[in-house]
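Trainee: In case you want the letters, here they are:
There are 2 protein chains.
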Amino acid sequence: MGLATQIGQIRSAEVRLAEENAAFLRAMGISMVHLLASPGAGKTTLILRTAETLGRQLRLAVIQGGLSRQIGTPPLSDLDLPTIWIDTGGQPYLDASMIREALEELPIADVDLLLVEEIGTLTSPPKRSLGASLRVVIASLPEGADCPLRYPEPFSVADAVVLNKLDLLPHLEFDLPSFHKAVRRQNSQAPIFELSCRTGKGLKEWSVWLLEQTRSIS
Amino acid sequence: MGLATQIGQIRSAEVRLAEENAAFLRAMGISMVHLLASPGAGKTTLILRTAETLGRQLRLAVIQGGLSRQIGTPPLSDLDLPTIWIDTGGQPYLDASMIREALEELPIADVDLLLVEEIGTLTSPPKRSLGASLRVVIASLPEGADCPLRYPEPFSVADAVVLNKLDLLPHLEFDLPSFHKAVRRQNSQAPIFELSCRTGKGLKEWSVWLLEQTRSIS
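Chains A and B, in that order, give the protein sequences. Residues in the first sequence are numbered from 1 upward in steps of one, following the numbering used here. Residues in the second sequence are numbered from 1001 upward in steps of one, following the numbering used here.
These are computed hints drawn from the structure, not numbers from a lab. Do not take every clue at face value.
Claimed, not checked - Not everything, but these chain A residues come out facing chain B in the computed CB check (under 10 Å):
| no. | residue |
| --- | --- |
| 1 | G2 |
| 2 | G120 |
| 3 | E143 |
| 4 | C147 |
| 5 | E153 |
| 6 | E173 |
| 7 | R198 |
| 8 | S218 |
Said to hold, decoys possible - Computed list of chain B residues with no C-beta within reach of chain A, every gap over 10 Å:
| no. | residue |
| --- | --- |
| 9 | I1007 |
| 10 | A1013 |
| 11 | M1028 |
| 12 | G1029 |
| 13 | L1048 |
| 14 | E1143 |
| 15 | E1205 |
Model, not experiment: these values are computed from the prediction. Using N, Cα and C, we set each Cβ at its ideal position, and we do this for glycine too.
Given these sequences and hints, build the entire structure.
Mentor: Here is the structure:
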């Protein structure tokens, strides 16, 4: 069997698994949100803030991917939420089979919104699916307003774009209109949420959107 | 032929090409420095500043990787240096064959120091070789002091670590000793250069080191 055929078969199996994850989540009325971002863009902090903001309205759970167990205590372990930490053993992205295993471990009957924190990169295979209901890409001001032009794929498939670290605007040369224009070149529809996880600015709009999306599913 | 065998053969061919690149560069007395970093850590700006600082002592050239041509004008095109822009067509890392082609296009007899800007990610295959003399990983303050723990591989193989955006220190919660400790867990030897491409602070130490390394080769 040729290399392309074998890779094709592995991909098909992945696609099937992702579809099964999606069907399972739909049946359970769970919104699974796949969060993609560079290292340091603020995925974990956005999860923390979202849990603070929506914790009374929705039952949240978290799946968090990491390249290795070296960091010791997973960063969300203080959070009083069901959290699964997936150690990918160096693989630079989560896959549908990892998500399936995590779904089996979670108290899934008591979950409305499942946030999945991807390994931090904007270059992992963008079109692969975990079975998530929504894909959200998080950029942050230090990455530059042209980030969506340099790393187009995750922005092109996103259902929403979060621009984090708005509090750093006075300290950086960052042109907000350029960022919006760059996102719109990849994606004509996705809402763009400008926010600061540090100051809380803009978190309400993001949370309202996420709440609406989740309620439309369950 | 099995998948593993075929992947193995592709890898061996890559390793051979990288060794040939390395041998060619050694023979020409050229120092090739492979720069790895997240999006927005400041690879391009570090190249600009390095060119300003060392442009009179060394003949520089640049190879710059990008995922797509969408960004229009490559960011270094204003620089009066031989620059090759490699469009990887979506592949999230440069490879030895791309470097070989670029070496054929560059006026290589007139180059002392060749800076190679990798696609922005800390998760690409870390042990692959392009044939570079030195590997440098660039982190920046917004990525957090625990970045080397979360993305250990590029730090473990680095010959030097640059910590950029030091000017943001007053505006972030970033603990410098924690960062050093995190780097040292991956790498006992690599020098760590704290600098700000924006203010110029720390650039001299980095440039002196790079000059010494390059002179020891040519």
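Trainee: All hints are to be evaluated individually against the structure, with a verdict given for each.
Mentor: Do the hints match the structure? See the list:
1. G2: Status holds, d = 8 Å.
2. G120: holds (7 Å)
3. E143: holds (3 Å)
4. C147: This interface hint holds because 6 Å falls under the 10 Å limit.
5. E153: Nearest chain B Cβ about 7 Å off; hint holds.
6. E173: holds (9 Å)
7. R198: Hint on A/R198: holds, closest Cβ of chain B at ~9 Å, below 10 Å.
8. S218: violated (32 Å)
9. I1007: Since the minimum Cβ distance to chain A is about 8 Å, B/I1007 lies within 10 Å and the statement is violated.
10. A1013: Its Cβ never comes within 10 Å of chain A, the nearest being 13 Å, so this holds.
11. M1028: Nearest chain A Cβ is 31 Å from B/M1028, so the label holds.
12. G1029: Answer for B/G1029: holds, closest chain A Cβ roughly 33 Å.
13. L1048: Nearest chain A Cβ is 14 Å from B/L1048, so the label holds.
14. E1143: Check fails; 3 Å does not lie beyond 10 Å.
15. E1205: holds (23 Å)
Of the hints listed earlier, those the structure fails to meet are numbers 8, 9, 14, in rising order.
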